[in-house]
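Asks: Please take these sequences and the hints and turn them into a complete structure.
Read top to bottom, the protein sequences are chains A and B. Heads up: the first sequence at position 127 corresponds to 120 in this note's numbering, and the numbers run straight through without jumps. For this note's numbering, add 346 to where a residue sits in the second sequence, where the first one is 1.
It is worth saying that the hints were derived from the structure and are not from the lab. Cβ coordinates follow ideal geometry from the N, Cα and C atoms, glycine included. No false leads were mixed into what you were given.
A few chain A positions that, by computed beta-carbon distances, are all more than 12 Å from chain B:
| no. | residue |
| --- | --- |
| 1 | Asp47 |
| 2 | Gly122 |
| 3 | Pro149 |
| 4 | Gly150 |
| 5 | Val168 |
Below, in silico cross-link-like pairs of lysine-lysine (DSBU-like), each with a Cα-Cα straight-line distance of 35 Å or less:
| no. | chain 1 | residue 1 | chain 2 | residue 2 |
| --- | --- | --- | --- | --- |
| 6 | B | Lys375 | A | Lys65 |
| 7 | B | Lys673 | A | Lys281 |
| 8 | B | Lys764 | B | Lys498 |
| 9 | A | Lys281 | B | Lys831 |
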Amino acid sequence: MRRRDFLKKSAGAGLAAGAIFNTGRLGSFGTSFAGREKYDMVAIMGGNPDAMFDLGIQELGGIGAFVQKGQKVVIKPNIGWDVIPELAANTNPLLVKRIIEHCIRAGAKDVYVFDHTIDNGINCYKNSGIEKAAKSAGAKVVPANTENYFQEVEIPGGIKLKKTKVHELLLEADVFINVPVLKDHNSTRMTCCLKNMMGVVWDRGYWHANNLNQCIVDYALFHKKPALNIIDCYNVMVKHGPQGVSKADVVQMKSQIITTDWVAGDTAASKMLGVETSRIEYIPMAHKLGLGNMDIDSLNIKRIKM
Amino acid sequence: MRSSFLRSFRIFFSALIFLCFFVVFADFKYLIPSKYINILLSLQFVPSVLKFCDLGTIAAAGFAAVIILTLITGRTYCSFLCPLGIVQDISSRIGGRIKKKFRRYGYKKPFTILRYSILALTVAVSLLWGIYFLTLLDPYSIFGRTVTFFIKPVVIVVNNFFAWILGKFDNYSLNHITISGFRLLAYSLPAAFMLLFGLLSLMKGRLYCNMICPVGTLLGLVSKVSLVRIKFDESKCTKCGRCSVGCKSSCIDFLQQKIDVSRCVDCYNCIKICPDKALSYGLVRLKKKEHQTDPDKRKFVAGALAMIFGLPGLLKGQDKTAPVPQKPSTVPENRTSPVCPPGAVSIEDLKKDCTACSLCITSCPNGVLKPALLQYGIDGIMLPVMDYHKSFCTYNCTKCTEVCPTYALSPLLIEAKKLTQLGKANFIKDNCIVKTEKTACGACSESCPTKAVYMIPYEGNLLIPETNVDICIGCGHCEFACPTKPYKAIFVDGNPVHLAAQKPVEEKSEIKTPVEFPF
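Replies: As structure tokens, then:
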């Protein structure tokens, strides 16, 4: 009982703190975007994760273009590893916090944050700094460490992955926002938007055992797609990914990519990482299925340097 | 002192101690910091003796404090500090509720031969061969096993129920927790002891403590010269016998107005019961006393305990929820040694100091520690062993070494733990998905915290694992993550003696901070 009271209180305190913070910093963001050019992707470079997001989302018409009043929002960062934020194995907590603040400002009824972690779930949530950041911004940080939170869904058109268990909140959500961190990956060569989905399903081992690249693409066919992909490229793990060993694996790129097209997002990310896009097998596979566009030269991209 | 306040104080104090122990062992959220656990456990007799033998420092000499306490106050340890004793008090109280007869004790003769034989055997075997009898009979460890094996799962079920209810109301402040049980056979020993002390205390009060428990017997010997004890005021006593009936140690012979101090656990029930205020707790008057002889050397009994050992090994069961790849793996893992926990130094050292209290098992946030059956051999039954089928050892965690009360797992700094090699990863290429299915996997290398498992180019665009055992610490994450069945494509073979792993080499990447977008 005492624990629960404590959590309630701290969540309340967090909300209050977040509200005070909001009024100070986000005053300018509700500006009208009528007549503004429509971009497929916004890439920002040179700022802090939260400031880059403030700037970038404006170019897409503000978060209000994606989140309506009273909606349930699920934000899926990468919280897979039990490491500190500086090692960049998880999404930057500052970015997660700022996205939540935007959603709540836009009138979201509830904002949920979860990830089915690889390391111990409680430690990952804590040591990544995301639990604290998300709660302070007013989100609900939801466990995803036991099977009972997941429900089986069918994936029409899936070749290897025909059924999978998905977190119940993803199914209930009105808006799904994907917030991966760009990283090197030991076998797929890169983890970003599409591969981040391994954290919304229960049985990740099945993907590994049954053609990982195919399963990643199969899952992308599932109807609950992210409305927005916000790629954290602030600190980028360029080797020893996806877990990393030390800070030597991390390069500070101070960048961010925001896009509605996750295949395009992964393509842009692969260029940031310096990996040939065709070598990341799931990207051309997803492109062929029409899940997105890897031909990013044909896209309307807004590039911002801060 | 004649006040009934004594008894109330005993009940209050022991309830508090019990609560602390209960929380420590049932803490499925791992919220209690190790330092508080250490303080609580510092006065536990057997763990403290073992820790003292290991370290030889005064700070570890909690048992000496207990002996001094006993020399002054008698067996107060058994009523105030021993968690198993307190549990038995609760149990015998329940017994009295079920059947009035269970709470009517009366004076009984002591089981002199049996109890001193067990004590002698325990001491002798511990000194000559190893602490097997202590492992079996240490009351603190029996308590620990009982809570870990039988009570904690119940607590988690209750938590999960509330988590489920709250979840229905969109409140996720409680986590659902998976109950990861042990192999069925591992329950037999704790179950046998729970039945033994449970039934004895339900019907016969503190009979277990005065017949079997070696700590009780030893402190009983010490308390024979204790300064403060329960005594009769012969002039006031009307020999009504109520004290004797209410004595859960059955040690008051009211007809002769004598109390067997070696069995009295200072519960002060008799002081409260006595209508004539003839019993009091106070300084003993020095007078000549005659004693019955204590035949210390009759090593005869306690053979029945051995039957519990006759357990065959079990086939290892894998997690049923694990995925099944198309083709089953074909090459069996060739394991030469089990993996013993960090801080153990070696299997031999673990056997020397561990009483299998299971505190490390219940404290491990990842649930990787399991009670051993015959992995360590018959003399290592119930000792903690790493089970990488169910979980793995977290890279930046030293919890088990922090809580161990006997220093069987000696404290490791996090830096030292990250370089302690518990075992080595062995890659079986013929079982690997990349080779058998010709598809990407890399689950093992992905999980490896040191990159002792890394990927090298294979056919086409594929990458396949390779190991560098010099930097492997044997955490088992690769083995846990490997999706092949029935045999893993990578497994950790234990080091019977832990080795030092080399530090992973840090190399700066040639990729530079970009100044322009590359797209």
